[in-house]
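J.: So the sequences go chain by chain: Z and D.
FYI, in this note's numbering the residues of the first sequence are 12 to 402.
FYI, in this note's numbering the residues of the second sequence are 79 to 517.
No lab work stands behind these hints: they were computed from the structure.
Note that the structure is predicted; figures quoted are calculated from it, not measured.
There could be a bad hint or two in this list.
Said to hold, decoys possible - From the structure, some residues in chain D lie toward chain Z, with a derived Cβ separation under 10 Å:
no., residue
1, PRO244
2, THR247
3, VAL458
4, TYR465
5, PRO485
6, GLU490
7, GLN493
8, GLN502
What the hints assert, rightly or not - The calculated lysine to aspartate or glutamate pairs, modelled on EDC-like cross-linking and capped at a C-alpha distance of 20 Å, are:
no., chain 1, residue 1, chain 2, residue 2
9, D, LYS386, D, ASP412
10, D, LYS378, D, GLU347
11, D, LYS386, D, ASP80
12, D, LYS386, D, ASP376
13, Z, LYS351, Z, ASP363
14, Z, LYS209, D, ASP80
15, D, LYS273, Z, ASP131
16, D, LYS386, D, ASP356
17, Z, LYS43, Z, ASP291
18, D, LYS273, Z, GLU128
19, D, LYS378, D, ASP116
20, D, LYS378, D, ASP80
21, D, LYS378, D, ASP221
22, D, LYS386, D, ASP137
23, D, LYS386, D, GLU220
24, D, LYS423, D, ASP412
25, Z, LYS209, D, ASP356
26, Z, LYS209, D, ASP450
27, D, LYS273, Z, ASP138
28, Z, LYS351, Z, GLU128
29, D, LYS273, Z, GLU354
30, D, LYS378, D, GLU220
31, Z, LYS209, D, GLU490
32, Z, LYS251, Z, ASP291
Quick reminder that beta carbons are idealized off the backbone N, C-alpha and C, glycines included.
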Amino acid sequence: MMLRRRTALLGLAAAVTFGGASLAMADADTRKRFVVVILRSALDGLSVVVPYGDANLRNWRGSLVLPEPGRDGGLLALGGFWGLHPGLPQIHALYRAGQALPIHAVAGPNRSRSHFEAQDILECGADRRMESGWMNRLAGVLPASGDGDNALALGQTVPLILRGPTPIDAWGRGNVPAATADFYTQLLAIHDRDPLTKAALTDGLRDRNFNTHALDGMPGTGGDAPFIALARTGGRLLAKPNGPRLAVLDADGWDTHSSQNPRLSYALPVLDNGIAALKDGLGAAWADTVVLVVTEFGRTVRVNGTGGTDHGTGTAAFVLGGGVAGGRVQADWPGLSEAKLFENRDVQPTLDLRSLAKGILAQHYSLGPQPLETVFPDSTGFAPARGLLRA
Amino acid sequence: MDIRAIHAVTRFGLGQRGAEAPPADPEAWLTSQLEAPDAVLAGHLPDSRSALEAIHLVDVGDAQFRKGMIPQAPPYIGDRYQADRKWAIATLIGSGQPFRERLVMFWANHFTVSARAGGAVLALVEAYVAEAIRPHVTGRFEDMLSAVMHHPGMLYYLDNATSVGPNSTMGRARGGGLNENLARECLELHTMGAKSGYTQQDVTSFARILTGWSVDRNNEPRGFVFRPETHEPGPKVLLGQTYPEGHEGGVAALRWLAHHPATYRRLSEQLVRHFVADAPDPQDVAHIAGVLTATGGDLKAATLALIKLPNAWMPLTKFRTPVEYIVAVYRALDFIPATVEDRAKAYATTEFLGQAFHAASLPNGWSDVGADWVGGEDLVRRADWAYTMAGRTDAPDPAAAAAACGPLLSAETAQQVRRAGSRQEALALLLASPEFMRR
């Protein structure tokens with residue numbers, strides 16, 4: 012992978028890693044911003060966008076099901092059949108403003124129920140393993156911005172979704188006192204012929220400079236969870252007129268094999284506050300931004316023996332942003348009767364994540380079939396989902 | 079200097095320690111470490127029985143606090159066991175059997191139990207490595223797998239301790255049910271590997287086989303316990319093999335998985351990737367798998383075969399992970415952290431450079447591929463940390479330290495080290511050089 016740093020002082024963007032959360036970015040020559048939030052380790056869609064109107068839900072989920080909307084500690088209303096987990100009040104406010112579109116019964120191309128394999132495939136954006144990720148290919152398809160690389164990763168690792176032939180910038184937070192300038196010059200000289208380290212080291216050093224001089228108000232100042240701080244920073248960087256246009260945020264902590272309800276009641280508010288922080292950081296640019304929140308697969312419809320759920324298939328996703336055709340739930344709901352379950356255990360997926368992502372890109376960036384095929388190879392069978400954004 | 083000598087220390091060991099002379103006969107040096115008993119096992123080790131007792135006492139204290147019987151809740155169990163991890167990293171840095179320690183690192187990563195899970199798991203991590211991994215690195219894979227799957231650390235980490243057979247006495251009386259986590263990861267990560275042919279039914283069936291494999295932390299003897307009341311009754315089928323009800327069913331299933339050709343293939347690929355190259359040569363993998371097959375999973379035989387692979391003697395093909403890098407820097411400086419403060423710093427550096435010791439993010443452990451460790455900030459942090467370490471007053475002379483790297487050092491690096499403006503810069507350049515970041 013190529014790692015190069017764009018001109019440091021332009022204040023163009025970055026990727027950061029703090030604790031279990033990380034943010035990586037790419038940019039493109041357009042006003043439209045696009046952010047993917049990957050909820051790594053498999054979010055239970057049934058607990059988050061809850062089909063409380065499905066008569067079978069309580070049979071399977073029993074005590075895990077929260078009270079209906081309007082009751083104490085109950086779900087937040089999503090128009091009758093559906094309810095939103097009460098840990099997501101700010102996403103609910105977006106929903107009420109028509110800027111949040113919950114999606115259900117969605118799944119990526121992989122059926123292994125292996126976190127690692129399904130995440131890789133989700134990030135490759137194909138039904139096979141590839142050398143590059145779909146956000147990297149998107150960065151390559153969108154017009155190059157005039158003055159440098161199209162993409163930037165913040166932090167220790169670039170997620171697979173952003174890896175590939177399109178150059179990626181990188182930035183991470185440093186807190187060790189810097190050595191002398193001479194030292195770094197000599198250090199670069201001895202790494203000059205190294206295929207693995209040269210580019211990364213060059214990026215890292217430029218980014219330090221970039222960090223020191225151009226980025227005031229970077230995270231690490233507040234007491235927020237890493238994901239929230241990262242989201243706010245990402246928002247600010249994307250908001251800059253000549254900043255990056257693509258970003259990826261990672262959040263983990265969804266692998267609720269046990270004690271699912273308490274764990275979600277901790278993890279979901281972090282997601283909720285992170286989305287609010289991202290919107291806050293974006294400011295007016297929120298109107299031009301689409302955020303896609305996805306996870307690698309859902310969890311079993313049945314509760315396991317430890318108050319949790321095991322690896323499943325169909326799950327929920329969110330499309331958020333100023334121009335989203337929200338305020339409704341979009342789902343071809345398969346139902347939860349035993350006969351309708353996928354392999355008699357999971358929510359039957361009725362929408363492929365590629366259709367969802369293609370639906371966004373087709374409308375947001377006016378991408379036609381050819382560029383969409385470049386971003387998601389061999390996906391002609393998965394037509395872009397329609398009507399996700401307001402015309 | 080014989081390049082094979084310094085290569086053996088770098089590739090299979092933990093890096094040259096100070097001005098210590100490299101081994102005269104590199105292969106004999108490696109082999110003797112596999113023959114000799116593990117010196118760490120002879121010393122005082124973290125143990126799961128006392129950790130479980132401590133966890134139990136915290137449970138009791140928590141219950142008393144909730145009832146208002148005592149004024150303060152007991153301190154968080156994890157805090158008391160951070161010291162074990164600091165001890166473990168210091169042990170690694172000071173090891174006189176570095177090849178053996180590398181095997182311990184490798185297998186502990188293969189069978190990850192992560193302190194990141196916190197609580198009881200954190201309290202048990204080092205005991206787990208000492209009890210389930212360390213005694214078996216030159217033994218039989220079957221025995222290591224069995225020790226791992228019976229260990230409280232793993233049974234808690236991957237949730238099997240509370241998995242209940244739906245038709246067991248307990249399952250019928252009080253509900254509860256299966257937790258597939260350990261069964262799945264055992265198939266996917268510990269033995270056969272994904273795409274080796276097992277199905278979801280196999281995962282579920284294996285989870286049923288493993289019901290009842292649990293931990294007793296309340297009563298002596300604390301540790302593994304088979305609980306018949308939570309064990310799913312009846313025979314079960316896993317990958318076409320039928321296993322009887324009871325603990326022995328699980329024992330037999332693990333034995334079968336330990337010797338499966340897919341398991342041998344997977345272990346071989348991981349060993350070759352770790353010790354030889356990021357992209358293992360299929361012939362090397364097939365060779366090691368053949369040794370495992372011929373010897374019934376003898377890890378000493380497989381390790382000996384590994385050091386005989388011609389490819390294993392190509393220098394500097396592997397990029398050091400942060401922990402490998404940190405340990406190598408400490409050893410090059412001949413700085414063995416002995417005080418509580420120094421050990422805490424060594425441990426904190428593993429977090430700072432992105433590989434918190436024994437605290438992988440996920441059950442698949444840390445990556446063994448160089449490209450995953452070369453973030454820009456990552457490398458600058460290594461350089462900055464090396465710069466700080468090179469500023470220690472007891473740091474060695476840069477020329478001597480460069481000489482200790484022998485023919486592994488390129489002419490360019492050697493020249494920059496000579497030209498550097500200060501001793502600190504010179505030594506830091508050496509430690510942050512592309513050669514030193516590799517093994």
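J.: Hint by hint, say whether it matches the structure.
T.: Do the hints match the structure? See the list:
Interface hint status for PRO244 (chain D): upheld, as the beta-carbon distance to the closest one in chain Z is roughly 8 Å, under 10 Å. Interface restraint check: THR247 (chain D) against chain Z, minimum CB-CB distance 14 Å, threshold 10 Å, status violated. At its closest, the beta carbon of VAL458 (chain D) sits 4 Å from a beta carbon of chain Z; the interface hint therefore holds under the 10 Å criterion. With a cut of 10 Å, the hint placing TYR465 (chain D) at the interface with chain Z holds, because the nearest CB-to-CB distance is about 4 Å.
For PRO485 (chain D), the interface hint is violated, the least distance from its beta-carbon to any beta-carbon of chain Z being 16 Å, above 10 Å. Among the interface hints, the one on GLU490 (chain D) holds; its C-beta lies about 6 Å from the nearest C-beta in chain Z, closer than the 10 Å criterion. Nearest Cβ of chain Z to the Cβ of GLN493 (chain D): about 9 Å, under the 10 Å cut. The hint holds. At its closest, the beta carbon of GLN502 (chain D) sits 8 Å from a beta carbon of chain Z; the interface hint therefore holds under the 10 Å criterion.
Between LYS386 (chain D) and ASP412 (chain D), the direct Cα distance comes to roughly 29 Å. Violation of the 20 Å bound is thereby established for this hinted pair. Among the hinted pairs, LYS378 (chain D) with GLU347 (chain D) is consistent with the structure: their alpha-carbon atoms are about 16 Å apart, no more than 20 Å. Of the supplied pair hints, the one linking LYS386 (chain D) and ASP80 (chain D) holds, its CA atoms being roughly 17 Å apart against a limit of 20 Å. Distance hint between LYS386 (chain D) and ASP376 (chain D) is fulfilled; the C-alpha atoms sit about 16 Å from each other, no more than 20 Å.
Between LYS351 (chain Z) and ASP363 (chain Z) the alpha-carbon distance is near 17 Å, which keeps this suggested pair within the 20 Å criterion. Of the pairs offered as hints, the one joining LYS209 (chain Z) and ASP80 (chain D) is violated, with about 29 Å between alpha carbons and a cut-off of 20 Å exceeded. Restraint check for LYS273 (chain D) and ASP131 (chain Z): satisfied, since their Cα atoms lie roughly 14 Å apart, inside the 20 Å limit. A hinted pair counts as satisfied when its Cα atoms are at most 20 Å apart, and LYS386 (chain D) with ASP356 (chain D) qualifies at roughly 18 Å.
Using a Cα cut-off of 20 Å, the hinted pair LYS43 (chain Z) and ASP291 (chain Z) holds, with the two alpha carbons roughly 17 Å apart. Between LYS273 (chain D) and GLU128 (chain Z) the alpha-carbon distance is near 10 Å, which keeps this suggested pair within the 20 Å criterion. As the CA atoms of LYS378 (chain D) and ASP116 (chain D) are separated by approximately 13 Å, the hinted pair is consistent with the 20 Å bound. About 26 Å separates the Cα atoms of LYS378 (chain D) and ASP80 (chain D), which puts this hinted pair outside 20 Å; it is violated.
At roughly 13 Å between alpha-carbon atoms, LYS378 (chain D) and ASP221 (chain D) fall within 20 Å of each other, so this suggested pair holds. Note on LYS386 (chain D) and ASP137 (chain D): the hinted pairing is violated, with a Cα-Cα distance of about 51 Å set against a maximum of 20 Å. A C-alpha spacing of about 24 Å is found between LYS386 (chain D) and GLU220 (chain D), which places the hinted pair above 20 Å, so the restraint is violated. With a C-alpha separation of about 16 Å, the suggested pair LYS423 (chain D) and ASP412 (chain D) falls inside the 20 Å cut-off, and the hint holds.
Restraint check: the Cα-Cα separation between LYS209 (chain Z) and ASP356 (chain D) comes to about 18 Å, which is no more than 20 Å; the hinted pair holds. Our distance criterion of 20 Å between C-alpha atoms is met by LYS209 (chain Z) and ASP450 (chain D), whose separation comes to about 15 Å. A distance of roughly 14 Å separates the Cα atoms of LYS273 (chain D) and ASP138 (chain Z); the hinted pair therefore holds under the 20 Å criterion. Proximity of LYS351 (chain Z) to GLU128 (chain Z) is assessed by CA-CA distance (about 25 Å); at most 20 Å being required, the pair is judged violated.
Of the pairs offered as hints, the one joining LYS273 (chain D) and GLU354 (chain Z) holds, with about 18 Å between alpha carbons and a cut-off of 20 Å not exceeded. Restraint check for LYS378 (chain D) and GLU220 (chain D): the C-alpha separation of about 13 Å stays at or below 20 Å, so the hint holds. For the suggested pair LYS209 (chain Z) and GLU490 (chain D), the alpha carbons sit about 14 Å apart, so the restraint of at most 20 Å is met. Only pairs whose Cα atoms come within 20 Å are accepted, and LYS251 (chain Z) paired with ASP291 (chain Z) is accepted, the gap being roughly 13 Å.
Consistency with the previously given hints fails for numbers 2, 5, 9, 14, 20, 22, 23, 28, ordered from lowest to highest.
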